[in-house]
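With the sequences and hints as input, model every part of the structure.
Protein chains: 2
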Amino acid sequence: MPETFHFSAIATISSCFKEKFGIPRQPGLVKTATAELHLDKQFSEESVRSLQGFSHLWLSFVFHKNLQQGWQPMVRPPRLGGNTRVGVFASRSPFRPNPVGLSVVELLGIEERQSGIVLQLGSCDLLDKTPILDIKPYLPYIDALPEAKGGFASSKPQIKMQVEFTPLALRQCQQAEQRLGKALKKMIEEILQLDPRPSYQQGVVSERVYAMKLCDFDLRWQYCENRLIKVLSLVT
Amino acid sequence: MPETFHFSAIATISSCFKEKFGIPRQPGLVKTATAELHLDKQFSEESVRSLQGFSHLWLSFVFHKNLQQGWQPMVRPPRLGGNTRVGVFASRSPFRPNPVGLSVVELLGIEERQSGIVLQLGSCDLLDKTPILDIKPYLPYIDALPEAKGGFASSKPQIKMQVEFTPLALRQCQQAEQRLGKALKKMIEEILQLDPRPSYQQGVVSERVYAMKLCDFDLRWQYCENRLIKVLSLVT
Chain A
5 MPETFHFSAI ATISSCFKEK FGIPRQPGLV KTATAELHLD KQFSEESVRS LQGFSHLWLS
65 FVFHKNLQQG WQPMVRPPRL GGNTRVGVFA SRSPFRPNPV GLSVVELLGI EERQSGIVLQ
125 LGSCDLLDKT PILDIKPYLP YIDALPEAKG GFASSKPQIK MQVEFTPLAL RQCQQAEQRL
185 GKALKKMIEE ILQLDPRPSY QQGVVSERVY AMKLCDFDLR WQYCENRLIK VLSLVT
Chain B
5 MPETFHFSAI ATISSCFKEK FGIPRQPGLV KTATAELHLD KQFSEESVRS LQGFSHLWLS
65 FVFHKNLQQG WQPMVRPPRL GGNTRVGVFA SRSPFRPNPV GLSVVELLGI EERQSGIVLQ
125 LGSCDLLDKT PILDIKPYLP YIDALPEAKG GFASSKPQIK MQVEFTPLAL RQCQQAEQRL
185 GKALKKMIEE ILQLDPRPSY QQGVVSERVY AMKLCDFDLR WQYCENRLIK VLSLVT
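Chains as they are written, first to last, in our numbering: chain A, 5 to 240; chain B, 5 to 240.
Bear in mind the hints are in silico, worked out from the structure with no lab data behind them.
Check each hint, because a few of them may be wrong.
Which copy is meant is left open, because identical chains are indistinguishable; a pair holds if it fits in one copy or across any two.
30 Å max Cα-Cα, derived DSSO-like pairs, lysine-lysine [what the hints assert, rightly or not]:
1) Lys45 x Lys153
2) Lys45 x Lys190
3) Lys22 x Lys133
4) Lys234 x Lys153
5) Lys69 x Lys164
6) Lys45 x Lys164
7) Lys153 x Lys217
8) Lys153 x Lys35
9) Lys186 x Lys153
10) Lys133 x Lys153
11) Lys160 x Lys45
12) Lys186 x Lys234
13) Lys45 x Lys189
14) Lys45 x Lys69
15) Lys234 x Lys45
16) Lys24 x Lys190
17) Lys189 x Lys69
Quick look at the structure:
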């Protein structure tokens, strides 16, 4: 019987991604999708002393929405069109024997608030309320291996779609930008350009309206001819 | 109360490092310190299918010898001479709120043995019997950030010492190389060149004999004048 280890979250993520659908598949892909990391109250400023000297951090986290869903020895990575299967340990799939994730994120700032220490993070791929198990500094002399061979995922995912807003969606977007103080139009474009649909649906044009929860609204869009996405509305 | 998460080891490391003292502080520093990863028997070849396309892996592991030792909000990294304190989350210290480690290692090969799947790993910084929580492929397009700022640990640790073998140690080393089929002399040189002593002892010359358990022997050495290490013996 393998030994069991027990860990508690040291921090929680506050992010614009309120559900799994639509989250970029790696950090760094949607530059405007910044997030906050809220350290548990037991950790004072001391625990992050000198962290500001590092531009990037590793976050070890729990895929907390997958805890009940189990895993399979083989998965179908979106990068391979969703048809080819590879081993779960040859993928970054969130459905893993131990559902722990690893993300490198830019550190934009450190704040001491009454509620505790907050780290301002750059482009993230993390669901809101993700429990963080550990924060480590990114050490380029050891972690950066630009010559490494990246198997079936050697290059950045390509931008697949063009994004247009209907007049209604554009107005709602401007209202939401004012309300939330965030560059939402750019963020929505960056998210949808990557086409969040499962691979087997990609290329399909239909009347179907897709939706994802983002920040405090529901984003709705449709797929049109010529790889065009039409943003229909942002409804709170 | 933060939620608790339970994880079991998916694999175990078999390495030449039998105790903490002397282990290089990062992977990649001692090129000859290769290791094996033994997947738990529940995982078939399917779980690592297509992994051979990747040159490097991330290992998430448990610092299993530190489970009882607790942690402090601030630590003294060897890189700063052992006098300056930084936050535990600004360090890669093994004494962390959740004692999980992260190591990037080269993948040299995959073997299917009767006992299960074995991954041949390159230069490692892992203690023998380290429990592995997860294996992920290294994705250079997202993980390699050579321009990242590395704070107080921006460059590789420097080689500090020259290493010489006594005639006895040299003879015992040759015997051990035959017995174990490993390039031990080079490995011992690479380990000792980095000077495994705590920072506050570095630079001290004394009669004291230092020892570490390596492979199946005790390695003994002394510090002499002019940054010279004399390897005294390898005793099984």
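Here is what the structure says about each hint:
1. In the homo-oligomer, the alpha carbons of Lys45 and Lys153 lie at most 30 Å apart only across protomers (28 Å), although the nearest pairing inside one protomer, at 41 Å, exceeds that limit.
2. Proximity of Lys45 and Lys190 under a CA criterion of 30 Å is satisfied in neither setting, with 34 Å inside one chain copy and 48 Å between copies.
3. Proximity of Lys22 to Lys133 under the C-alpha cut-off of 30 Å is restricted to the intra-copy arrangement: shortest distance 9 Å within a copy versus 39 Å between copies.
4. For the homomeric pair Lys234 and Lys153, neither the shortest alpha-carbon distance inside one copy (37 Å) nor that between copies (39 Å) is at most 30 Å.
5. For a Cα distance limit of 30 Å, the shortest separation of Lys69 from Lys164 inside one copy, 27 Å, qualifies, whereas the shortest one across copies, 48 Å, does not.
6. Proximity of Lys45 and Lys164 under a CA criterion of 30 Å is satisfied in neither setting, with 42 Å inside one chain copy and 41 Å between copies.
7. In this assembly of identical chains, Lys153 and Lys217 lie within 30 Å of each other by CA distance neither inside one copy nor across copies; the values are 36 Å within and 34 Å between.
8. Both within a single protomer and between protomers do Lys153 and Lys35 lie at most 30 Å apart by alpha-carbon distance, with minima of 25 Å and 19 Å respectively.
9. In this assembly of identical chains, the alpha carbons of Lys186 and Lys153 lie at most 30 Å apart only when taken from different copies (26 Å versus 37 Å within one copy).
10. Taking CA atoms no more than 30 Å apart as the test, Lys133 paired with Lys153 passes between copies only; the shortest distance there is 28 Å, against 33 Å inside one copy.
11. Taking the closest pair of Cα atoms, Lys160 and Lys45 never come within 30 Å of each other, the shortest separation being 37 Å inside a single copy and 34 Å across copies.
12. Taking the closest pair of Cα atoms, Lys186 and Lys234 come within 30 Å of each other only inside a single copy of the chain (21 Å); across copies the shortest separation is 62 Å, beyond that limit.
13. Taking identical chains as interchangeable, the C-alpha atoms of Lys45 and Lys189 are never at most 30 Å apart, the minima being 34 Å within one chain and 50 Å between chains.
14. For the homomeric pair Lys45 and Lys69, the shortest alpha-carbon distances inside one copy (24 Å) and between copies (27 Å) are both at most 30 Å.
15. For a Cα distance limit of 30 Å, the shortest separation of Lys234 from Lys45 qualifies neither inside one copy, at 43 Å, nor across copies, at 50 Å.
16. Taking the shortest alpha-carbon separations for Lys24 and Lys190, only the intra-copy value of 20 Å comes in at or below 30 Å, while the best inter-copy value is 49 Å.
17. With identical chains, the CA atoms of Lys189 and Lys69 are at most 30 Å apart within one copy only, with a shortest distance of 27 Å there and 50 Å across copies.
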